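Visitor: All chains should be built: construct the whole structure from the sequences, respecting the hints.
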Amino acid sequence: MNKHTPIAAGCILALLALFPFAAPALGLDYYIAFMTRLLATALIACSVNLLLGYGGMVALGHAGFVGVGAYAMVSFMQLGIESVWLLWPLAALCAALAGLVIGAICVRTRGVYFIMITLAFAQMLYYVVVSLRSLGGDDGFNLSQRPALGLGLDSGSDQSLYLLVLLVCAGAFYLLQRLTRSAFGKALAGQRDNESRMAALGYPTYALRLQAFVLTALIAGLGGAMLLTQNEFVSPSSMHWTQSAILVVMVVIGGLGHPYGAIVGAAVWLVLEEVLRQYTEYWHWPLGLLLIAIILLAPSGLCRLAAARRRKASAAPGLVGKNT
Numbered sequence: 001m002n003k004h005t006p007i008a009a010g011c012i013l014a015l016l017a018l019f020p021f022a023a024p025a026l027g028l029d030y031y032i033a034f035m036t037r038l039l040a041t042a043l044i045a046c047s048v049n050l051l052l053g054y055g056g057m058v059a060l061g062h063a064g065f066v067g068v069g070a071y072a073m074v075s076f077m078q079l080g081i082e083s084v085w086l087l088w089p090l091a092a093l094c095a096a097l098a099g100l101v102i103g104a105i106c107v108r109t110r111g112v113y114f115i116m117i118t119l120a121f122a123q124m125l126y127y128v129v130v131s132l133r134s135l136g137g138d139d140g141f142n143l144s145q146r147p148a149l150g151l152g153l154d155s156g157s158d159q160s161l162y163l164l165v166l167l168v169c170a171g172a173f174y175l176l177q178r179l180t181r182s183a184f185g186k187a188l189a190g191q192r193d194n195e196s197r198m199a200a201l202g203y204p205t206y207a208l209r210l211q212a213f214v215l216t217a218l219i220a221g222l223g224g225a226m227l228l229t230q231n232e233f234v235s236p237s238s239m240h241w242t243q244s245a246i247l248v249v250m251v252v253i254g255g256l257g258h259p260y261g262a263i264v265g266a267a268v269w270l271v272l273e274e275v276l277r278q279y280t281e282y283w284h285w286p287l288g289l290l291l292i293a294i295i296l297l298a299p300s301g302l303c304r305l306a307a308a309r310r311r312k313a314s315a316a317p318g319l320v321g322k323n324t
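Numbering-wise (the numbering used here), the sequence shown opens with residue 1 and increments by one.
Hints may be right or wrong, so weigh each one.
[Stated by the list, open to error] Here are the computed distance ranges between Cβ atoms for each label pair: (1) S314 / L272: 26 to 36 Å; (2) R311 / F233: 43 to 53 Å; (3) L93 / L28: 28 to 38 Å; (4) I7 / L167: 12 to 22 Å; (5) S134 / S237: 14 to 24 Å; (6) L305 / G27: 49 to 59 Å; (7) G80 / A120: 13 to 23 Å.
It is worth saying that the hints were derived from the structure and are not from the lab. From a predicted model like this one, the values you see are computed outputs, not experimental measurements. Backbone N, C-alpha and C define an ideal beta-carbon position, used for all residues, glycine too.
Guide: Set out below in C-alpha cells:
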C-alpha cells in the first residue's frame, strides 16, 4: 500500500463528513440521500470483493442476503423494536445465520457449480419473500416511519442518517482492510490460488471459505438494513439475481481483489447511472459500453490501471537518467 494512501483516505473521509453541511448551501439536498445509498451499496460491494476477489468464490446470489437483512429489519420493527442500534445488528445477524445455513452447502462446491447453487438459493429466498403477504409480497413493504437513530439524532433528517451511515461504513471499511491483511485474509487468498497446497499445509480450507461466506452475508445484511432505513421501502426485486450480477460488475469495474476496488466501482456505477438517467431512459447502454471498455482496456480494474500509470510515471525519470 502506498504510504500516501492513509492520508488520502483521511482527506476523503473528512470531505464526506463535511458534505451534508455544505450540500444545502449548494442546493444539493437531494444528493445527501443519494450519497447515503452510495455508501451502503459500496459496503455491500466490499463484501462481494472479499468473497470473490480474496476468496475466489463467484456468487450470483449475494443480493439475497441484502434482502434478508432488509426484511429481517421489517419483521423486527413489526415486533416493536424501533432503534437502529438494535435493528441493524439483528438484521446483520439474521443474514449471517442465513449465510451459515446456505454456505454450509454452497462452499462444498467449486466453479460453475458454486455459481449455480448460490443463484438457486437466492431465487428461493426471492420467491419466499414474494409469497409472504405479511411483508408486502410482490408489492414490497413501506415503512410507516424511520426507526430511531439515537444519539440525539433526528430520525427524519437525511443529514443525521447520512452521518450515521458514514460512521458505520468507515468503521466497516477499516476493519475489512485489516482483515484482508491479517493471517485469515492471507490464508483465504492462499486457498483461492491453490486450495490443494493450502490443504496439504494443514489449513482448513472448507472452514476458511465458510467463514468468509458468513462474514460477507453479515455485511450484506447490514447494508440491506441501511438501504431500507434510507429508502423506507424494500421489495423482492432487491433480492433478484440481477442485483447480484450488478454487484459483481461494480467490483470488476473498480478492481477485483483491490483494497478499494469495490468502493471505486460502486461509486462509478451509481454516479454514472444517476447522471445518465437525467438524459436518457436507455442509460443501460452506456453503462454496458463502459463495462466492455474496462474489460478490454483495463481488465484488472480502474484502481490497478491508475496504480500502474503512477508506477510508470514515477519510473520514467529514473530510466531517462540511466540511459543518459
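Visitor: So, for every hint listed, does it hold in this structure?
Guide: Evaluated hints:
1. For the pair S314 and L272, the beta carbons lie near 30 Å from each other, so the given range of 26 to 36 Å is met.
2. Taking the beta carbon of each, R311 and F233 are about 45 Å apart, inside 43 to 53 Å as hinted.
3. Range check, L93 to L28: Cβ separation about 35 Å, and the 28 to 38 Å hint holds.
4. For I7 and L167, the hinted distance range of 12 to 22 Å is satisfied, since their beta carbons lie about 20 Å from each other.
5. Between S134 and S237 the CB atoms are about 18 Å apart, so this pair conforms to the stated range of 14 to 24 Å.
6. About 34 Å separates the C-beta atoms of L305 and G27, a value inconsistent with the hinted range of 49 to 59 Å.
7. Between G80 and A120 the beta carbons are some 35 Å apart, a value that contradicts the proposed interval 13 to 23 Å.
Hints 6 and 7 from the earlier list are contradicted by this structure; the remaining hints agree with it.
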